[in-house]
Amino acid sequence: MPAPKLRPTLVPNPYFSRAHREDATNPRTIPAIINIKESAVVMLYSRGRLDDAQFAAASKFRALWEAVCRSTRAIDYGREPVDGGRRADPIGERQMHAADQLRRVRPLLGEQGYWLVARICGEGYSLGEVVRPRGSKRAKLNAANDLRTCLDKLCELWNLATRR
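441 is the number of the first residue of the sequence shown in the working numbering; add one for each residue after it.
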């Protein structure tokens, strides 16, 4: 695993209250340290290659992907239900909603676009790992351009702010 490369940045304050005015005790953003080698998306964002909306779209896709790919519980049919309880459903509503969202994304991006976004945003591959020939600078640049185009389409689908 590569050594982490840390960079200071500003992130939205999870405790920010719109009910109170923004000041030193209620800041809209707070300083944080991020590991830019955590994923290709974070690296592209930290270098200014992705805008805020594209980064939000990539993060939403990743959250949906992780919700769908989360391991499901196996049903133990030999176990007695206790206190009249029902058997647990191995696939939750959150997983079904995430799968439905991803089903809508596939035709929008096309097979190649969906494959690219799934590998980079969902599975965490780097640009160099998904291009052929491996390590080709031109292929990486083309993949980055294709990724930005796909993320712009996701921004439109999910009503995220896009670049002008």
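Please keep in mind that the hints were generated in silico from the structure rather than gathered at the bench.
Positions of the beta carbon are idealized from the N, C-alpha and C atoms, including for glycine.
There could be a bad hint or two in this list.
[Claimed, not checked] Under the rule of at most 20 Å between Cα atoms (straight-line distance), these lysine to aspartate or glutamate pairs were calculated in the EDC-like manner:
no. : residue 1 : residue 2
1   : 593       : 569
2   : 577       : 551
3   : 593       : 533
4   : 593       : 492
5   : 580       : 491
6   : 500       : 462
7   : 477       : 463
8   : 445       : 462
9   : 593       : 491
10  : 580       : 462
11  : 477       : 533
12  : 580       : 596
13  : 500       : 463
14  : 580       : 478
15  : 580       : 540
16  : 477       : 462
17  : 477       : 569
[What the hints assert, rightly or not] Each pair of labels, with its calculated beta carbon distance range:
no. : residue 1 : residue 2 : range
18  : 474       : 568       : 50 to 58 Å
19  : 509       : 588       : 21 to 29 Å
20  : 601       : 487       : 19 to 27 Å
21  : 458       : 531       : 17 to 25 Å
22  : 536       : 573       : 24 to 32 Å
23  : 533       : 575       : 38 to 46 Å
24  : 579       : 465       : 43 to 51 Å
25  : 450       : 566       : 23 to 31 Å
26  : 575       : 478       : 30 to 38 Å
27  : 578       : 467       : 18 to 26 Å
28  : 452       : 532       : 40 to 48 Å
29  : 458       : 601       : 17 to 25 Å
30  : 459       : 598       : 41 to 49 Å
If I claimed the Cβ atoms of residue 536 and residue 573 lie 24 to 32 Å apart, would that claim hold in this structure? Since the Cβ atoms of residue 536 and residue 573 sit about 40 Å apart, the hinted range of 24 to 32 Å is violated.
Take a look at whether the Cβ-Cβ distance between residue 533 and residue 575 falls inside 38 to 46 Å. Roughly 43 Å apart at Cβ, these two residues keep to the hinted range, so it holds.
Does residue 596 sit within 20 Å of residue 580, going by the straight-line distance between their CA atoms? Given pair residue 580, residue 596 is violated - Cα atoms ~24 Å apart, limit 20 Å.
What's the verdict on residue 477 and residue 569, does the C-alpha distance respect the 20 Å limit or exceed it? 14 Å, holds
Pairwise beta carbon distance, residue 579 to residue 465, judged against the given window 43 to 51 Å: Roughly 49 Å apart at Cβ, these two residues keep to the hinted range, so it holds.
Kindly confirm whether 30 to 38 Å is satisfied by the beta carbon distance between residue 575 and residue 478. 21 Å, violated
Is residue 477 close enough to residue 533, meaning Cα to Cα at most 20 Å? The hint is violated at about 33 Å.
Can you tell me whether the CB distance of residue 450 to residue 566 sits inside 23 to 31 Å? 25 Å, holds
Has the given pair, residue 500 with residue 462, been kept, meaning a C-alpha gap of at most 20 Å? It is violated: about 27 Å lies between the C-alpha atoms, which goes past 20 Å.
So does residue 474 sit 50 to 58 Å from residue 568, Cβ to Cβ? 21 Å, violated
Would you mind confirming whether the straight-line C-alpha gap from residue 500 to residue 463 stays at or under 20 Å? Distance ~29 Å between residue 500 and residue 463 Cα, so the pair is violated.
Does the Cβ-Cβ separation between residue 578 and residue 467 fall within 18 to 26 Å? 43 Å, violated
Figure legend: structure checked against the earlier numbered hints; hints not met, in rising order: 1, 2, 3, 6, 7, 8, 10, 11, 12, 13, 15, 16, 18, 21, 22, 26, 27, 28, 30.
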